[in-house]
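Chains as they are written, first to last, in this note's numbering: chain Z, 1 to 274; chain E, 1 to 290.
If you are wondering where the hints come from, they were derived from the structure by calculation, not from laboratory data.
Values in this document were obtained by computation on a predicted structure and should not be read as measured data.
Okay, derived cross-link-like pairs now, DSSO-like style, lysine-lysine, Cα gap no bigger than 30 Å in a straight line:
| # | chain 1 | residue 1 | chain 2 | residue 2 |
| --- | --- | --- | --- | --- |
| 1 | Z | 20 | E | 163 |
| 2 | Z | 265 | Z | 203 |
| 3 | Z | 265 | E | 145 |
| 4 | Z | 165 | Z | 112 |
| 5 | E | 163 | Z | 165 |
Derived Cβ-Cβ restraints for the label pairs, each shown as a range:
| # | chain 1 | residue 1 | chain 2 | residue 2 | range |
| --- | --- | --- | --- | --- | --- |
| 6 | E | 169 | Z | 43 | 52 to 60 Å |
| 7 | Z | 265 | E | 96 | 32 to 40 Å |
| 8 | Z | 137 | E | 13 | 48 to 56 Å |
| 9 | Z | 108 | E | 212 | 38 to 46 Å |
Don't be surprised by glycine CBs; every beta carbon is placed ideally from N, CA and C.
Below, each chain spelled out in residue letters.
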Amino acid sequence: MTNTRGTIRVVLRELGYFFKGAALNIFSWEFLTVLIPLVALWELLPQLGVVPRTLIPPPSDVIVTAWDLFVHQGFIHDIINSMGKFFLGLGIAIVTAIPLGILMGWNIAIRKRTLSLFQLLAPIPPPAWVPITIILFGIGLPMQTFLIFIGAFYPILFNTYQAVKDTDSRYLASARMFGASEFTLIVRVYFWHALGALIMSVKTGVAMGLVMLVIAEMYGGRTGIGFVLNEAKDYFQIPKMMVCMITLGGIGWFLIEVLKFIELKLAVWKGGAR
Amino acid sequence: MIEAHNVTKFFSVVNEDRTADGATALLSVSLTIEDGTIVSLLGPSGCGKSTFLEILGGLQEPTEGCVYIDGKTVLEPLPATRREMIRYRRRHWFLSPLANSLFRNRPKHDIAMIFQDYAVFPWMTVLQNVTFALKLRGVKRGERKRIAREYLRKVGLADSLRKYPSQLSGGMRQRLALARALSVQPRIILMDEPFAAVDALTRERLQDDLLRLWDETGITIVLVTHDTDEALYLSDEVVIFSPSPGVVRNRFSVDLARPRRRTDPELLVLKERITSLFRYDIIHESEYSI
Numbered sequence: 001m002t003n004t005r006g007t008i009r010v011v012l013r014e015l016g017y018f019f020k021g022a023a024l025n026i027f028s029w030e031f032l033t034v035l036i037p038l039v040a041l042w043e044l045l046p047q048l049g050v051v052p053r054t055l056i057p058p059p060s061d062v063i064v065t066a067w068d069l070f071v072h073q074g075f076i077h078d079i080i081n082s083m084g085k086f087f088l089g090l091g092i093a094i095v096t097a098i099p100l101g102i103l104m105g106w107n108i109a110i111r112k113r114t115l116s117l118f119q120l121l122a123p124i125p126p127p128a129w130v131p132i133t134i135i136l137f138g139i140g141l142p143m144q145t146f147l148i149f150i151g152a153f154y155p156i157l158f159n160t161y162q163a164v165k166d167t168d169s170r171y172l173a174s175a176r177m178f179g180a181s182e183f184t185l186i187v188r189v190y191f192w193h194a195l196g197a198l199i200m201s202v203k204t205g206v207a208m209g210l211v212m213l214v215i216a217e218m219y220g221g222r223t224g225i226g227f228v229l230n231e232a233k234d235y236f237q238i239p240k241m242m243v244c245m246i247t248l249g250g251i252g253w254f255l256i257e258v259l260k261f262i263e264l265k266l267a268v269w270k271g272g273a274r
Numbered sequence: 001m002i003e004a005h006n007v008t009k010f011f012s013v014v015n016e017d018r019t020a021d022g023a024t025a026l027l028s029v030s031l032t033i034e035d036g037t038i039v040s041l042l043g044p045s046g047c048g049k050s051t052f053l054e055i056l057g058g059l060q061e062p063t064e065g066c067v068y069i070d071g072k073t074v075l076e077p078l079p080a081t082r083r084e085m086i087r088y089r090r091r092h093w094f095l096s097p098l099a100n101s102l103f104r105n106r107p108k109h110d111i112a113m114i115f116q117d118y119a120v121f122p123w124m125t126v127l128q129n130v131t132f133a134l135k136l137r138g139v140k141r142g143e144r145k146r147i148a149r150e151y152l153r154k155v156g157l158a159d160s161l162r163k164y165p166s167q168l169s170g171g172m173r174q175r176l177a178l179a180r181a182l183s184v185q186p187r188i189i190l191m192d193e194p195f196a197a198v199d200a201l202t203r204e205r206l207q208d209d210l211l212r213l214w215d216e217t218g219i220t221i222v223l224v225t226h227d228t229d230e231a232l233y234l235s236d237e238v239v240i241f242s243p244s245p246g247v248v249r250n251r252f253s254v255d256l257a258r259p260r261r262r263t264d265p266e267l268l269v270l271k272e273r274i275t276s277l278f279r280y281d282i283i284h285e286s287e288y289s290i
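Using the sequences and the hints, build the whole thing.
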C-alpha cells in the first residue's frame with residue numbers, strides 16, 4: 001500500500017518536473033518579449049485593415065473557431081484518431097528500425113548484406129509512396145499507418161546504425177578483455193553508447209511521421225487532423241485551417257519535449273552533477 | 001608466463017597520393033615475461049609498443065609469429081596464402097576471430113587491461129563499473145557488490161560508489177580502472193600508458209598505489225610507457241623498443257629492492273644509459289632503420 005502510494009508520489013513529482021521544464025523551455029521571459037509583440041501585431045494588422053481579414057484572420061477569430069471546433073464539432077476525437085494512427089506507425093517504425101539498426105551497426109556481415117538495399121530505398125521521398133500504398137492497402141488505417149511508418153523508419157534506422165557503428169572501440173576492447181559476449185556488448189555497451197543518437201533519431205522520426213500523418217489523412221481518410229484541414233480548404237475556412245496547423249505544431253513540440261525528458265532520465269551520466 | 005615468438009605486425013596503409021603502402025609496426029619481437037614480475041615496454045611514440053601490448057591481450061592478431069600465455073596461444077596469425085585466406089573467411093564470415101562468443105560471457109585468458117584514457121564506462125556508476133566486470137567473469141550475484149566495495153576501498157574510492165565517471169577527476173578515473181582490473185583477480189594486467197593522462201603528483205601517487213597492490217597480489221604486470229623514470233621506478237625489467245620498424249632494442253634488468261627511492265643513484269645511472277641509447281638512435285637513425 002505504502003509502496004503504491006510512494007510510486008504515485010514519484011510519478012506525480014516527475015510529471016511536475018516535466019511540465020515545469022517543458023514550459024520553461026519555451027516560455028522564457030526573453031522569448032515572451034518577442035512572442036507578445038508578434039501576437040499583438042498579428043491581432044492588430046487584420047483588425048486595422050492593413051491585411052484583409054478574410055485571408056489572415058486575427059488570433060481572436062482563431063480562438064473563437066477553436067472553441068467551436070473543440071466544443072461543438074468534436075475536434076478532440078479527430079486528434080485522438082490521428083494520434084492513434086501516428087503512434088501505431090511510429091511504434092512499428094521504432095520496434096523494427098532500432099533493432100535492425102543496432103544489428104547493422106554491430107556486425108559487418110549483416111551490414112554488407114542489408115545497407116545497400118536501404119540506401120537504394122531511402123531516397124524515395126515518402127510522399128511518393130502514397131499512390132501505390134492506396135492501391136495496395138485501400139483507403140483506411142493500414143494505408144495511413146504504413147505511410148507514417150515509411151516516413152519514420154529511415155531516419156531512425158540510419159541514425160541508429162551510424163551511432164552504433166561509431167561506438168568507441170576502447171569501450172568495446174575493455175569489455176572484451178573481461179570476456180563479454182557479443183550479446184552483452186550490444187546490451188551493455190553499444191546501446192548505451194548510442195543512446196543519445198537513438199533518441200535524436202526518434203525525434204527526427206517524430207517530425208517525419210507528422211509530415212506523413214498529414215499527407216496520409218489528406219489523401220485517404222474520413223477523420224483526423226489532416227482530413228479536417230483539407231476539408232477546411234474546400235470550404236475556405238481559414239481560421240479552421242489555422243487551428244489544425246497550430247494543433248499539429250503543438251503536438252510535435254510536446255512529443256519532442258517528452259523525448260527530451262526521457263533522454264534526461266535515461267542519460268543521467270551526461271548531466272554530471274545530480 | 002608470457003612468451004612471444006617472432007611477433008611481426010604489418011599494416012597496409014594508403015598514402016596521401018592514394019598509393020597503397022605498408023608499414024611494419026613490429027618486426028620479429030621475441031620476449032619472455034616471467035610470472036609475478038613488472039616489465040615495462042619503453043620507447044618513443046610510434047615504436048609499436050602499444051600494438052605489441054594489444055597483440056599480447058588478443059585485441060589484434062599478429063601478422064606473423066605467435067604469443068603464448070602459459071602455453072596457450074592467444075591469437076593465430078592470419079593465413080598467408082590466398083587459398084587459406086578463403087577458407088578462413090568462410091569460417092569466420094559472421095563473427096571475426098577477434099570477437100568473443102555470441103551469447104556466453106567467457107574470457108579467453110586470465111588477463112585484465114588498463115588503457116591510457118581509462119575506458120571506464122561513462123554510463124555506469126563507479127560501483128556498476130566494477131560489478132559489471134565481475135559479472136562478465138562469472139562471479140555470483142551476491143558476491144559482486146562485496147568484492148567491488150572491497151577493491152574500491154583499496155584504491156580509495158569508497159566514498160564515490162554512486163558517482164558517474166564524468167564526476168570524477170582523471171586520477172580517480174584511473175583508480176577506478178585499476179580497481180576494476182584488479183577486482184577480477186587476473187594473473188596478468190596489461191597497462192597501456194596508464195598514467196600518461198594525469199598530472200605528475202597524481203602519477204607518483206598512482207605508481208605507489210600500483211606497487212602496493214602488486215605487492216599484495218603478486219600478479220604479472222606489463223606496462224607500456226614513454227616515461228623512463230616511471231619504467232625504472234616500477235619495473236623489474238625494462239624492454240627498450242625502437243621505432244620504424246618496431247624492434248626490441250635492448251633489455252635492462254633493474255635489480256633494486258623495493259621500496260625504491262626515485263632518486264636512487266643506481267636508477268639515475270640506468271636512466272643515463274637509456275637516454276644515451278635513445279640519443280644514439282636519433283643520431284644514427286639511418287643505420288637502424290631498414
